[in-house]
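Undergrad: With chain A held as given, fit chain B onto it using these hints.
Quick note, the sequences are listed as chains A and B, same order. When we follow the numbering used here, the leftmost residue of the first sequence carries the number 1, and every step to the right adds one. When we follow the numbering used here, the leftmost residue of the second sequence carries the number 1, and every step to the right adds one.
I should point out that these hints are in silico values taken from the structure, not numbers from a laboratory. Warning: the hint list may mix true and false statements.
Simulated pairs of lysine to aspartate or glutamate, EDC-like, Cα-Cα distance not exceeding 20 Å [stated by the list, open to error]: (1) K172(A) / D164(B); (2) K251(A) / E266(A); (3) K172(B) / E165(A).
Anything over 10 Å on all C-beta distances counts as not near chain A; from chain B, calculated [as the list claims (entries may be wrong)]: (4) S8; (5) S134; (6) R219; (7) L225.
The C-beta atom is built at its ideal place from N, Cα and C for all residues, glycine as well.
There are 2 protein chains.
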Amino acid sequence: MIREGSHSDAPIGIFDSGLGGLTVMREIMRVLPEENLIYFGDTARVPYGSKSRDTIIHYVEQILHFMEEKEVKAIVVACGTASAYALESVRHKVSVPILGVVRPGVRAAAAATGNGRIGVIGTEASVNSGLYESLLHGIDPELFVKSRACPLFVPLVEEGLWRDEITTMVAKRYLTEIKGTGVDTLIMGCTHYPLLSDTIREVMGPQVTLVNIGVETARVLSGILAVQGLTKRTIDAPPVYRFYSSDAPEKLCRFGESALRMEIPEAVRISIEDY
Amino acid sequence: MIREGSHSDAPIGIFDSGLGGLTVMREIMRVLPEENLIYFGDTARVPYGSKSRDTIIHYVEQILHFMEEKEVKAIVVACGTASAYALESVRHKVSVPILGVVRPGVRAAAAATGNGRIGVIGTEASVNSGLYESLLHGIDPELFVKSRACPLFVPLVEEGLWRDEITTMVAKRYLTEIKGTGVDTLIMGCTHYPLLSDTIREVMGPQVTLVNIGVETARVLSGILAVQGLTKRTIDAPPVYRFYSSDAPEKLCRFGESALRMEIPEAVRISIEDY
Chain A
1 MIREGSHSDA PIGIFDSGLG GLTVMREIMR VLPEENLIYF GDTARVPYGS KSRDTIIHYV
61 EQILHFMEEK EVKAIVVACG TASAYALESV RHKVSVPILG VVRPGVRAAA AATGNGRIGV
121 IGTEASVNSG LYESLLHGID PELFVKSRAC PLFVPLVEEG LWRDEITTMV AKRYLTEIKG
181 TGVDTLIMGC THYPLLSDTI REVMGPQVTL VNIGVETARV LSGILAVQGL TKRTIDAPPV
241 YRFYSSDAPE KLCRFGESAL RMEIPEAVRI SIEDY
Chain B
1 MIREGSHSDA PIGIFDSGLG GLTVMREIMR VLPEENLIYF GDTARVPYGS KSRDTIIHYV
61 EQILHFMEEK EVKAIVVACG TASAYALESV RHKVSVPILG VVRPGVRAAA AATGNGRIGV
121 IGTEASVNSG LYESLLHGID PELFVKSRAC PLFVPLVEEG LWRDEITTMV AKRYLTEIKG
181 TGVDTLIMGC THYPLLSDTI REVMGPQVTL VNIGVETARV LSGILAVQGL TKRTIDAPPV
241 YRFYSSDAPE KLCRFGESAL RMEIPEAVRI SIEDY
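Chain A extracted, bound-state conformation:
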């Protein structure tokens, strides 16, 4: 679908069901500050986390067609749900490197745990996929894994309640059981969750390592580009960041300015259903 031999100066495509993937973009900007980046948020159909596997795969295929048109050199599925449900089904359809946020997060958690007890939080769809457990047990069948869906976290982030007593109360409801199992590592399996990390840390306690899947994904991406000779060569010009969404681009600009801590002068609306 996407043609081979992409030039190393081509952009990297990053997408999410909505705006949470901007936390992954932020980490990629830190690790690979010279790369050109394209972000797409499927804000007309957000959230994916409560939808079915077939629907999510269909949506991701349309986004890959869009990324093909943009001639990206690599694709990051910056959405925990799409990574868990769609990545393996679509991987063979693209000829550029494509990576999700689940495997990098899983590897980091397996490396971080001291007591072999890992917690996983994510959307309903991500947790129901069972992918985190199966990948963690693929690394070490002895690992204890406790998962929990946290459906209200995404709307709380989108409502801007990043630090709020309501968010703390919801976090206690979701996390108390996981905390009680004695995990020493918690995978934040949704790209919105790093924006709640202060609250999550407060509830889980300072002894628990929080795995930010965006940070891990940016590191893995950097390695893949280096190994495949795709790292950007022209570094005299500043990087170009372009933003697209399927609805309300002004919201992306507003949310993105908080999440990326930079001004986003423009985002372009596209009809993703037509791809």
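TA: The following block gives chain B in isolation, referenced to the frame of chain A:
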């Protein structure tokens, strides 16, 4: 689009962005117990409340094509957001009666208020549309109207937290300012909200009349059918209820059993993007 001369035994089509419209269906079942009903929930693209006008109109047009195929005799837009944003734009495209939930709710509130002070709660899109204020002021320019978007109410309902301390805390946050303005009537401008009416009543106090837009819409629908000679004539057979959704029909069955207090043995998934 939809052909004229629909038979009085044809079904009534009811749709919503998701499952909240089932509260409207429940009221229609009470007021018109003999009518055949078709329900469609656009669960693949829910929620509409944070999306733009253009996107919502596009989605509603696709749903009207689906309703056309089902040869309904009347259409109820059982979604506050779609009623506020799309109804006037699509009304001329259908030749059967079509009604939304906003106007019936507005008329009931204007009739109910004793002190001329009315509160309106709804999704971000509904409240931003300004339609409630403009319709209320069309009835009486002297009315005081205070509106507030409550974006977390829909996810709280869908998470099943209909009566919960978290929901109470969120409701206090949203409603305290409106309550302070001394309104004696509150329009629950989203079809999910009747499921939170116990909590909303607790926060607003017993002296405030809560307007359930579904109840008012069912009454208006009954009148329209009678006036236009569309009331069902064959009443010897029990009514047929059919359910469709654009994603996860099993969720509709599960949620619907709570919302309608009846068993829903089957819901059919359709590809609404193809309409």
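Undergrad: Run every hint past the structure and note whether it holds.
TA: Structure-based check of each hint:
no., hint, verdict
1, K172(A) / D164(B), "holds, 14 Å"
2, K251(A) / E266(A), "holds, 11 Å"
3, K172(B) / E165(A), "holds, 12 Å"
4, S8, "holds, 36 Å"
5, S134, "holds, 22 Å"
6, R219, "holds, 32 Å"
7, L225, "holds, 34 Å"
Hint violations for this structure: none, all hints satisfied.
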